[in-house]
Structures are given as C-alpha cells and as structure tokens.
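Number of protein chains: 2
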Amino acid sequence: MSGAIDGGGPGAVVLDAMGGDHGPAETVAGAVAARREHGVPVVLVGREPDLARELAVHDAAGEIPVVHAPDVVPMTERGAGGAALTASSLAVGCGLLGGGGAAAFVSAGSTGAVVAQAVRRVGRAEGVLRPALAVALPTLPGGGASVLVDAGATADPTPEMMAQFALLGAGYARAVLGVPDPVAGLLSIGSEPGKGNRLARRAEELLRGLPMRFHGNIEGHDVLSGAVDVIVTDGFTGNVVLKSVEGCVRTALAMVARAGLAEPDALARVARRYDPQTHGGAALLGLRGTVIVAHGSSTAATIARACVVAHSLSALEPA
Amino acid sequence: MSGAIDGGGPGAVVLDAMGGDHGPAETVAGAVAARREHGVPVVLVGREPDLARELAVHDAAGEIPVVHAPDVVPMTERGAGGAALTASSLAVGCGLLGGGGAAAFVSAGSTGAVVAQAVRRVGRAEGVLRPALAVALPTLPGGGASVLVDAGATADPTPEMMAQFALLGAGYARAVLGVPDPVAGLLSIGSEPGKGNRLARRAEELLRGLPMRFHGNIEGHDVLSGAVDVIVTDGFTGNVVLKSVEGCVRTALAMVARAGLAEPDALARVARRYDPQTHGGAALLGLRGTVIVAHGSSTAATIARACVVAHSLSALEPA
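First to last, the sequence lines map onto chains A and B.
Taking the numbering used here, the leading residue of the first sequence gets 1, the next gets one more, and so forth.
Taking the numbering used here, the leading residue of the second sequence gets 1, the next gets one more, and so forth.
Hint data in this document are derived by calculation from the structure and do not stem from the laboratory.
Mixed in with the good hints there might be a few duds.
[As the list claims (entries may be wrong)] Far from chain B by the CB rule (all over 12 Å, computed), these chain A residues:
1. A33
2. H58
3. A60
4. A87
5. G101
6. V119
7. S188
8. N197
9. R208
10. G209
11. L210
12. G235
[Unchecked claim] The calculated EDC-like cross-link candidates involving lysine to aspartate or glutamate, where the alpha carbons are at most 20 Å apart (straight line), are:
13. B:K195 to A:D156
14. B:K195 to B:E205
15. A:K195 to B:D156
16. B:K195 to B:E160
Each residue gets a CB set at the ideal place from its N, CA and C atoms; glycine is no exception.
Generate the whole structure from the sequences, applying the supplied hints.
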C-alpha cells in the first residue's frame with residue numbers, strides 16, 4: 001500500500017470503489033480485471049477494510065494500491081449535494097486527479113454527483129470553456145457507435161462551447177472508438193443549413209469553421225442511425241435525448257414481449273447489449289484529467305472496460 | 001358542389017386531398033369514411049377532376065363538397081417554401097379556415113409546410129402567443145397516450161409561451177384522449193424542482209402557478225412511461241425527442257429481428273401500432289381554428305381518424 005499516498009502516480013487510473021449499486025465486490029473485481037487483463041495501473045479509493053477484504057478474495061492484496069476514504073456518497077445523492085462529504089471516495093478520488101496524482105478517475109456513482117465533484121476538484125483543461133459529457137450510443141449498422149456530446153454536463157452552453165464539444169467529442173471518437181477522422185453532425189430540427197433554434201443556428205456557423213469534418217445538421221431520426229461519429233448538442237437536449245432513447249428501448253422491447261413475439265429473457269439480453277452505458281461509461285471531457293462515469297448497475301466487466309477507456313483517454317490529455 | 005364556395009360551413013372539416021404520399025385515393029376514401037361512419041362534415045380541397053374521379057369510386061359524388069385548388073405542394077417541400085403556391089390545396093384549405101368558412105383543416109402534407117401555411121393563413125387565437133404542435137405518444141401501460149407539446153412549431157419559445165403550451169395540451173388531452181383532469185409534466189434534466197436549463201427553470205415556476213394539475217419535472221425516461229398526460233417542452237427539444245423516439249423504436253425492433261428473436265413482419269405490426277402519428281396526427285394548437293397534420297404515409301383509416309380528431313378538437317375552439 002505504499003502507492004496510497006500519491007494516488008499511484010501520474011499515469012494511474014483512480015477508481016471510486018464505493019460507487020455503484022453493487023459496492024466494492026464488483027468495483028474491486030473490475031479493478032483486478034483491468035490490471036491483470038489489460039495492464040491498467042488502477043488505484044482504489046474507499047473504505048480500506050472493505051477493500052482489503054475484497055482484494056483478498058482475488059488474492060490481490062498489495063497488487064493494487066488503496067487510498068482510504070471513510071465516507072460514501074449515497075446513490076440517491078444528485079447534483080452538488082454530496083459536496084459536503086469531503087472525505088468521500090468521490091471527493092478524495094477527484095482530488096487525487098486534480099492534484100496531479102493520477103491521470104484518470106472512474107466512478108459508478110450518481111452522474112450528477114460525479115460531474116459536480118469533478119468540475120470542482122479536477123478543474124478545466126487550459127482553453128476549455130466548459131466540460132461536456134460524452135456517451136457512446138450503439139448504432140445498428142455494423143455495430144458501431146456515435147458519440148453524443150454534451151449528454152448533460154452543461155445545460156446552457158454558448159455556441160462557442162458547443163464548437164468545443166465537437167472537438168472534444170472527436171478526440172473521444174478517435175481514442176475510444178478508433179475512428180481515425182471523425183465526422184460530426186449538429187443535432188437540430190431540420191437537416192438543411194440554418195434550421196434550428198437560435199443556439200443551434202449559431203453553433204452551426206461555428207462548426208462549419210472548425211478544423212474537422214462537419215456533416216451539417218442531423219435530426220432525431222439520426223441519433224441511432226450511425227449517420228455521424230459525433231453528435232453535437234447542448235447538455236439539456238443531449239440529456240433529454242439520452243434518457244428518452246434509454247426509456248424507448250425498454251418500452252419497445254416490452255411491447256414485443258407483450259405481443260408474445262419473443263421471450264422476455266432473450267429480449268433482456270438484446271437490451272443489455274444495447275445499453276449506451278455498457279460501452280465504457282460516460283466520459284466527462286475537457287477537464288485537467290479524464291473522468292469516466294460508469295453506470296450505477298455496472299458489473300465487474302463494465303468497470304474494467306471503463307478503466308480501460310479512462311486509460312486510453314488519459315493518454316490524450318495535455319497532462 | 002354547392003357547398004364548395006364557402007368551404008362547407010363554419011362547422012366543416014377541410015381536408016387537403018392532395019397531401020400525403022398516396023394522394024387522393026387514400027384521402028378521399030378517408031373523407032368518405034369520416035362522413036359515413038363518424039358523421040364528420042368533411043370538405044375536400046384539391047384538383048377537382050381527380051377528386052370527382054375518386055368520389056365516384058365510392059359512389060359519393062355530391063355527398064362531399066369539393067373546393068378546387070389547381071396546385072400541389074410537393075411532399076419534399078419543407079418550411080415556408082411552399083408559400084409561393086397560393087393556389088395549392090394547402091394554401092386554399094388554410095385560407096378557408098382562416099376566413100371562417102370552416103372549423104378545422106387536415107393535411108397529410110409535409111409538417112413544415114403545413115405549419116408555415118397555417119400560421120400565416122389561419123392566424124393565432126386570441127391571447128395565444130405562439131402555436132404549438134401536439135403529438136399523442138403511445139405509452140405502454142394500459143395502452144394510453146401522453147401529449148407531447150410543443151413537438152416543433154416554436155423553436156425558441158419564452159417561458160410564458162411554454163405555460164400556454166401546457167394549457168393547450170391539456171385541452172387536447174381532454175378532447176382527444178378523454179382525460180377529464182389532465183396532469184402536465186415539464187420535460188427537464190432532473191426531476192427535482194429547479195433542475196433544467198434557464199428556459200425550463202423559469203417555465204417550471206410559471207407552470208406551478210397555472211390553474212391546472214402540474215406533476216413537476218419529468219425526464220427523458222418518462223416520455224413513454226405514461227407518467228403524465230401532457231409533456232410540456234420547447235419546440236426544439238420536443239421535435240428532437242419525437243424524432244429520436246421514432247428512430248429508436250425502429251432501431252430496437254430491427255435489433256430484435258437481427259437477433260433472430262421474432263419475424264420482421266410481426267415486428268412491423270408492432271411498430272405500426274406504436275407509430276405516434278397513427279394516433280390521429282399532430283395537432284397545431286393555438287390557432288383560430290383546428291389544424292391537424294397527419295403522417296405522410298397515412299392510409300384512409302388514418303385520414304378518417306385525423307378528421308374525427310379535428311372535429312372533436314374544433315368543438316373546443318373559441319370559434
């Protein structure tokens with residue numbers, strides 16, 4: 001546990017071991033998998049006795065550094081409410097990243113609480129106006145994905161912020177999805193140039209001037225069609241669309257089940273494969289370090305995947 | 001054809017017989033069904049020779065008045081582009097409603113063109129700041145529906161306009177869905193009071209002061225859950241969500257088909273039952289008369305349903 005003080009070094013991925021619905025059993029198993037199977041240098045933050053017990057289960061005591069944090073932010077905590085808990089695994093983990101003691105932070109805690117703490121304790125990267133939450137939405141053709149950015153970090157961005165979201169999203173598409181030259185589309189209410197509300201119309205003008213590929217406006221139909229690699233939108237629209245799509249998949253599959261066309265268990269497997277969050281979690285882009293918000297229901301495999309994504313993304317950060 | 005000059009009288013439902021992908025064959029059949037099966041006083045607007053031929057197919061010559069309009073707005077026409085065609089069935093039909101010669105107008109033409117013409121030629125009802133497009137989204141539990149308003153008529157509303165959208169949507173829920181005391185929810189990015197972007201936060205305050213039931217904020221997950229009868233949002237977010245949901249249902253069912261869990265034909269039947277537009281079309285609320293935008297692919301039965309909805313709604317208008 002000698003690596004506990006500094007968080008494991010500037011290249012480490014700090015994992016909030018207390019976040020998520022399943023607690024340390026799944027997060028520690030995920031950390032072990034990330035380290036052993038993918039070589040990711042993970043550091044665990046949380047209640048030391050709990051983590052020592054779980055590490056022993058995997059015969060991994062001493063293999064993965066632990067930073068003790070006595071408090072736990074409840075999963076019901078939303079927004080900045082958990083900020084009072086300065087000794088929580090969430091606050092301590094974000095502090096390690098903000099202080100330069102790590103390269104990335106991963107949590108399966110509540111999205112609102114993670115975003116609030118990360119913005120406060122990690123801070124913005126140089127030149128970035130506001131952070132943006134990026135989510136990889138699975139698309140049907142070919143099994144690829146499109147990055148939705150911003151999925152909810154900044155509810156009232158300026159057009160200039162949205163142009164930055166496009167660049168941040170393109171970086172994510174390159175690093176995580178392996179798209180060499182990503183093309184972005186602006187989510188709007190008409191595919192023709194000049195369609196949209198005031199914010200989208202001005203953002204469109206700025207997107208046309210960026211040093212990257214811009215497809216033009218796309219519509220809601222295109223969110224899951226794979227038409228573009230990066231779907232640019234404000235955090236209000238992006239969050240509503242993300243949650244609408246999640247709810248809609250559940251409803252559509254329930255309708256199929258109700259119509260007696262397929263077994264609920266088989267449909268649940270389709271739904272899981274489709275869940276946007278299983279694609280490595282939502283990445284909070286534009287901070288002085290990489291922050292990944294994994295789904296609250298993440299299993300060990302999902303946590304491991306989020307740590308791998310965090311490690312890939314952190315290699316892109318300006319350090 | 002004596003009723004042709006004045007549009008059939010102040011209680012009539014004017015049908016754009018040239019709108020839609022299938023042309024007069026389906027629209028005229030729908031008009032005949034609306035009149036014979038539901039007693040709706042329909043008037044057809046379009047190319048007289050075409051309509052006379054189709055009416056003869058149903059042995060309905062002289063039974064349904066016809067107003068001649070030589071031009072047709074192409075289905076590819078969007079926005080206000082079709083405005084130049086002053087002798088189109090769309091322009092003439094809206095003009096009849098605006099001039100007081102009818103109670104309602106139904107078209108399966110392009111939504112953008114219908115909204116633009118209706119706003120121009122029908123005009124706003126007294127006291128209404130801006131019109132709003134209402135769409136009944138089918139919800140799973142119990143097979144009910146929620147009214148999404150605004151689904152795209154006003155991209156940049158003020159909070160005051162959004163408060164009116166709630167009242168307009170409640171009128172729709174009462175008249176079309178038969179909900180005696182509708183409850184509205186504001187689409188936002190958190191269910192707690194005060195969550196949202198600036199527009200939603202101010203709209204929430206105004207919605208709390210309305211003389212109607214207000215559930216509070218809802219999230220994207222709730223769009224298809226049946227949590228509220230009326231989903232209030234700005235026209236930008238509403239249009240993006242509507243189209244996202246439509247695309248998502250298609251994608252989810254395609255995934256089930258690809259997984260080999262059900263036959264594509266059976267899934268297509270589920271998709272059709274689910275299509276928001278089959279629920280009577282989108283209603284443009286807040287004008288001096290009722291305007292219904294039916295889906296471009298509407299069959300005779302869908303057109304008939306839209307005429308019935310238009311007739312029900314027009315009974316609510318201040319005339």
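So A33 of chain A supposedly isn't at the interface. Is its beta-carbon more than 12 Å from every beta-carbon in chain B? Given that every Cβ of chain B is farther than 12 Å from that of A33 of chain A, nearest at about 27 Å, it holds.
Just checking, S188 of chain A versus chain B, shortest CB gap more than 12 Å? Not fine: 8 Å to the nearest Cβ puts S188 of chain A too close to chain B.
Checking the smallest CB distance to chain B, is V119 of chain A really beyond 12 Å? Nearest chain B Cβ is 16 Å from V119 of chain A, so the label holds.
Please verify whether K195 of chain A and D156 of chain B have alpha carbons no more than 20 Å apart. Given pair K195 of chain A, D156 of chain B holds - Cα atoms ~12 Å apart, limit 20 Å.
When you look at the beta carbon of R208 of chain A, is every beta carbon of chain B farther off than 12 Å? About 20 Å separates R208 of chain A from the closest Cβ of chain B, which puts it past 12 Å; holds.
Minimum Cβ-Cβ distance from G101 of chain A to chain B exceeds 12 Å: holds (32 Å)
Would you say L210 of chain A is clear of chain B, with no C-beta pair closer than or equal to 12 Å? Consistent with the label, L210 of chain A stays out of reach of chain B, its closest Cβ about 22 Å off (over 12 Å).
Holds or violated: K195 of chain B and E160 of chain B, Cα atoms, limit 20 Å. holds (18 Å)
Below or equal to 20 Å on CA atoms is what counts here, so check K195 of chain B against E205 of chain B. Within the cut-off at roughly 11 Å; holds.
Using Cβ atoms and 12 Å as the threshold, tell me whether H58 of chain A really stays out of contact range of chain B. Since the minimum Cβ distance to chain B is about 34 Å, H58 of chain A lies beyond 12 Å and the statement holds.
At 12 Å, judged by beta carbons, does A60 of chain A keep clear of chain B as stated? Fine: 36 Å to the nearest Cβ keeps A60 of chain A off the interface.
Separation of G209 of chain A from chain B, once the least beta-carbon distance is taken, above 12 Å: Non-interface label stands for G209 of chain A: nearest chain B Cβ at 22 Å, farther than 12 Å.
When the structure is compared with the earlier hints, violations turn up for hints 7, 8, 12 and for no others.
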